[in-house]
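> Sequence:
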Amino acid sequence: MEGYGKYGIKTIWIDAAEPERMDDKNVGNGKYMVGTDAEVGGAWVQQHTRMIADGMKTIGIEPEDYFILPRHAWAGTWAHSAALWSGDIVSTFDELKMQVTTAQGTMMSGPVLWTTDIGGYHGGTPSDPTFQDLIVRWFQFGAFCPLFRLHGHRGDGVPANQCGGTNGDNEVWNLAKEPQHYAGITKVMHLRENLREYVAEINDEAVATGMPMLRPMFLQWPEDKGCEGTDVEDQFMFGPRWLAAPVTTYKATSRTVYLPKLAEGQEWVYYYSMKSMGVGGARVTMDTPIDEFPLFYIRDDWKYPEHPDGAGQ
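Residue numbering for the sequence shown follows the numbering used here, beginning at 140 and increasing consecutively.
These are calculated hints, taken from the structure and not from any lab test.
Each residue gets a CB set at the ideal place from its N, CA and C atoms; glycine is no exception.
Some clues are possibly wrong.
Here are the computed distance ranges between Cβ atoms for each label pair [said to hold, decoys possible]:
no.	residue 1	residue 2	range
1	Lys364	Cys302	36 to 46 Å
2	Glu178	Ala391	17 to 27 Å
3	Glu340	Asp162	43 to 53 Å
4	Tyr171	Gly349	26 to 36 Å
5	Thr348	Asp233	32 to 42 Å
6	Gln301	Gly199	20 to 30 Å
Derived lysine-lysine pairs resembling DSS-like cross-links, with alpha carbons at most 25 Å apart [unchecked claim]:
no.	residue 1	residue 2
7	Lys364	Lys400
8	Lys390	Lys364
9	Lys164	Lys316
10	Lys145	Lys196
11	Lys170	Lys236
12	Lys149	Lys236
13	Lys400	Lys414
14	Lys316	Lys390
15	Lys236	Lys196
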């Protein structure tokens, strides 16, 4: 860790930790002490992250004080303070839809921290009207993933220079130039910041109990029959109080969501208007202008954000 540690760096993105191959023609020819690459190659990341964890330990940095981001995971990598993201995915609405279900399956398999490249990695061009909608909708999803992270190889951005390619623009103001699109992004950015303490709480719960931060409906509501079907796989809980139903269709004007039945003294609230939706137990259809999406929280005696613009609590 001398190269990084001496500068106080505690966050390390090791990226491609599969390990990567140029093609699959030679799979099975690589030899490790305990087997071929076809048999145990996927476990490479476990030892890669352990190497960094051991290095951090030698310079006195505890597991709770550093963070590793690989593109691959294996049993045991979480003990090395390693997160996971879904790799170099494409910038399409079909991919966004897939990520919503991928997130839930991944969370059920053990990771605590997971994310996507908001907007996708390949193919996003900021001047394209479809991408302008996509980046907003992806931000709305990304704000309710355990890690909230923007990344991508964008088209028609800053051209390559003497230092090489720039991968295009990733600044929010360059990705969403229309006021309504920009508002759609900044609203969820402010909200995520206002939920900092809540995110920390559900992160601690995940570490202590294994209950994931991002939860399929049936996991949070195992006795609610409305949470059993495939028609709710495109919505999820973020911790025990927030229900998110990302919009994954271009120019969608409405979206139907199932609100589970709550206990006495509780009610569902639509975040953007602060309108009460009652105790749930039924499906509701919400309008979906570009700067809003179906996002609800449970109101009882919990301290909740009062202002949709993120102005305070």
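> All the hints need checking, so say for each whether the structure fits it.
Quick rundown of the hints versus the structure:
no.	hint	result
1	Lys364 to Cys302: 36 to 46 Å	violated, 58 Å
2	Glu178 to Ala391: 17 to 27 Å	violated, 45 Å
3	Glu340 to Asp162: 43 to 53 Å	holds, 45 Å
4	Tyr171 to Gly349: 26 to 36 Å	holds, 30 Å
5	Thr348 to Asp233: 32 to 42 Å	holds, 34 Å
6	Gln301 to Gly199: 20 to 30 Å	violated, 40 Å
7	Lys364 to Lys400	holds, 10 Å
8	Lys390 to Lys364	violated, 31 Å
9	Lys164 to Lys316	violated, 45 Å
10	Lys145 to Lys196	holds, 13 Å
11	Lys170 to Lys236	violated, 38 Å
12	Lys149 to Lys236	violated, 33 Å
13	Lys400 to Lys414	holds, 17 Å
14	Lys316 to Lys390	holds, 17 Å
15	Lys236 to Lys196	violated, 40 Å
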